[in-house]
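Undergrad: Using the sequences and the hints given, assemble the complete structure.
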Amino acid sequence: MSSPTPLQSFLGGIGLSLPVHALLLLNGNVFGISGFLHRAVRGSKEALLGVTGLILGGAYVGLVEGGDPQPFNVGIGRVALAGFLVGLGTKLSNGCTSGHMICGMSRFSLRSIVATVTFFITGVLTVQFLPTQLPRTGSMDWSLGANPKVLLSTQAVISALLYYWVSKRRVCLTKESDAPKPLSNARLLASLATGFGFALALRLSNLSESARVLSFLSLPFSPSFDPSLAFLAAGTLPISITLYHFFRGPEKSLLGGAWSIPKGGPIDLKLISGAAIFGIGWGLAGICPGPGLVNLGRALSSGSGVVPVAAWLSAVAVGGLLV
Numbered sequence: 000m001s002s003p004t005p006l007q008s009f010l011g012g013i014g015l016s017l018p019v020h021a022l023l024l025l026n027g028n029v030f031g032i033s034g035f036l037h038r039a040v041r042g043s044k045e046a047l048l049g050v051t052g053l054i055l056g057g058a059y060v061g062l063v064e065g066g067d068p069q070p071f072n073v074g075i076g077r078v079a080l081a082g083f084l085v086g087l088g089t090k091l092s093n094g095c096t097s098g099h100m101i102c103g104m105s106r107f108s109l110r111s112i113v114a115t116v117t118f119f120i121t122g123v124l125t126v127q128f129l130p131t132q133l134p135r136t137g138s139m140d141w142s143l144g145a146n147p148k149v150l151l152s153t154q155a156v157i158s159a160l161l162y163y164w165v166s167k168r169r170v171c172l173t174k175e176s177d178a179p180k181p182l183s184n185a186r187l188l189a190s191l192a193t194g195f196g197f198a199l200a201l202r203l204s205n206l207s208e209s210a211r212v213l214s215f216l217s218l219p220f221s222p223s224f225d226p227s228l229a230f231l232a233a234g235t236l237p238i239s240i241t242l243y244h245f246f247r248g249p250e251k252s253l254l255g256g257a258w259s260i261p262k263g264g265p266i267d268l269k270l271i272s273g274a275a276i277f278g279i280g281w282g283l284a285g286i287c288p289g290p291g292l293v294n295l296g297r298a299l300s301s302g303s304g305v306v307p308v309a310a311w312l313s314a315v316a317v318g319g320l321l322v
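Using numbering that gives the first Met the number 0, read the sequence shown as starting at 0 and increasing by one per residue.
Warning: the hint list may mix true and false statements.
[Stated by the list, open to error] Think about it this way: if two alpha-carbon atoms lie no more than 30 Å apart in a straight line, the pair counts; the simulated DSBU-like pairs of lysine-lysine are:
#1 K180 <-> K44
#2 K44 <-> K269
#3 K44 <-> K262
#4 K262 <-> K251
#5 K174 <-> K262
#6 K180 <-> K167
#7 K180 <-> K251
#8 K167 <-> K262
#9 K174 <-> K269
#10 K180 <-> K262
[Said to hold, decoys possible] Computed spacing ranges between beta-carbons, pair by pair:
#11 R135 <-> P70: 14 to 20 Å
#12 G263 <-> P237: 31 to 37 Å
#13 R169 <-> S272: 22 to 28 Å
#14 F107 <-> G65: 40 to 46 Å
#15 P70 <-> P237: 29 to 35 Å
#16 K167 <-> S259: 20 to 26 Å
#17 K269 <-> R41: 15 to 21 Å
#18 L321 <-> Y162: 36 to 42 Å
#19 S166 <-> A233: 27 to 33 Å
#20 I260 <-> A316: 22 to 28 Å
Rather than coming from a laboratory, the hints here were simulated on the basis of the structure. Ideal Cβ positions, reconstructed from N, Cα and C, are used throughout, including at glycine.
TA: In structure tokens form, the structure reads like this:
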């Protein structure tokens, strides 16, 4: 029997919004993890550092918890198919749960709203028609626990340092009349640090646990329904919306370089089909790119469970390379 974790998921959701906002201010980039992964495969240094930060954050989680990630409750063939569909779908739709649901919806992007609704619907339908064995849900666990407190305090320190950096850069830029030149090494550090912080919040929120994701997608009429991820959304979306609309400042990256936040885009067949394919992959195994990278770090630090996670991520990369 599994117990929903509303407090952990809510606090984790709040924690997800902070590195998203910090990367926006420092590098002028969307915190889109599928984009990180696809660009890293093609050689982008900043994307590779973002991916590395997520994996290192997962490794830290593994050291704190002293265990390996929750195993997939499906076979390796289904895991690989799920990864392939996630890779293909996220490349077609240009986003996943982080890029569309958190970043895009916080900007009130109609394109991201459509993508999120689409992948949620196909994820739910996949769980309904291709179900897996899921534990029944027990009473809610409102406690925090020792390990989540460590993750929460670590992320608080990282967030404080990131926002101190933001404030120092703003002071420096007020003394400069020209746009700042790109600070390449600093931008790499920002990608690494925000990825690490995001990984800790992701684990705290329990989005990293595939069974919880599948239980959430099973909907309330199922005895396995776990509402924890609704609390994640309740934590991250209001904070992300507030930070983007009221604490964005001038649209200029503090570490130099282009301001790469999209203003919009077409709602076309490519977007909708890609989001639908991603949702099917998400519903098959309960994992999207961020949790996959975090769980790889957890598996590497524990020395077990590496093969299925690596197989899933490899399939994501292959799916993305086809587009």
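Undergrad: A separate judgement is required for each hint: does it hold in the structure or not?
TA: Comparing the hints with the structure gives:
1. The straight-line distance between the Cα atoms of K180 and K44 is roughly 18 Å, inside the 30 Å bound, and the hint therefore holds.
2. Between K44 and K269 the alpha-carbon distance is near 27 Å, which keeps this suggested pair within the 30 Å criterion.
3. Restraint check for K44 and K262: the C-alpha separation of about 24 Å stays at or below 30 Å, so the hint holds.
4. Taken as a hint, the K262 and K251 pair is honoured in the structure, with Cα atoms around 14 Å apart against an allowance of 30 Å.
5. A C-alpha spacing of about 29 Å is found between K174 and K262, which places the hinted pair at or below 30 Å, so the restraint holds.
6. Note on K180 and K167: the hinted pairing holds, with a Cα-Cα distance of about 16 Å set against a maximum of 30 Å.
7. For the hint linking K180 to K251, the alpha-carbon distance of about 11 Å falls within 30 Å, and the restraint holds.
8. A distance of roughly 28 Å separates the Cα atoms of K167 and K262; the hinted pair therefore holds under the 30 Å criterion.
9. In summary, the hint linking K174 to K269 is not supported, as the alpha carbons are separated by about 45 Å, beyond the 30 Å threshold.
10. About 23 Å separates the Cα atoms of K180 and K262, which keeps this hinted pair within 30 Å; it holds.
11. The hinted window of 14 to 20 Å between R135 and P70 holds, with their beta carbons roughly 19 Å apart.
12. Evaluation of the 31 to 37 Å hint for G263 and P237 yields a failure: the beta carbon distance comes to about 23 Å.
13. For R169 and S272, the hinted distance range of 22 to 28 Å is not satisfied, since their beta carbons lie about 42 Å from each other.
14. Under the hint 40 to 46 Å, the C-beta atoms of F107 and G65, about 42 Å apart, fit the expected range.
15. Range check, P70 to P237: about 34 Å between beta-carbon atoms, so the 29 to 35 Å window is met.
16. With their beta carbons about 22 Å apart, K167 and S259 fall inside the hinted range of 20 to 26 Å.
17. At about 19 Å, the beta-carbon gap between K269 and R41 stays in the expected band of 15 to 21 Å.
18. Take L321 and Y162: their Cβ atoms lie about 39 Å apart, and the range 36 to 42 Å holds.
19. Range check, S166 to A233: about 28 Å between beta-carbon atoms, so the 27 to 33 Å window is met.
20. Between I260 and A316 the C-beta distance comes to about 25 Å, which sits within the given range of 22 to 28 Å.
Hint compliance for this structure: hints 9, 12 and 13 are not met, and every other hint is.
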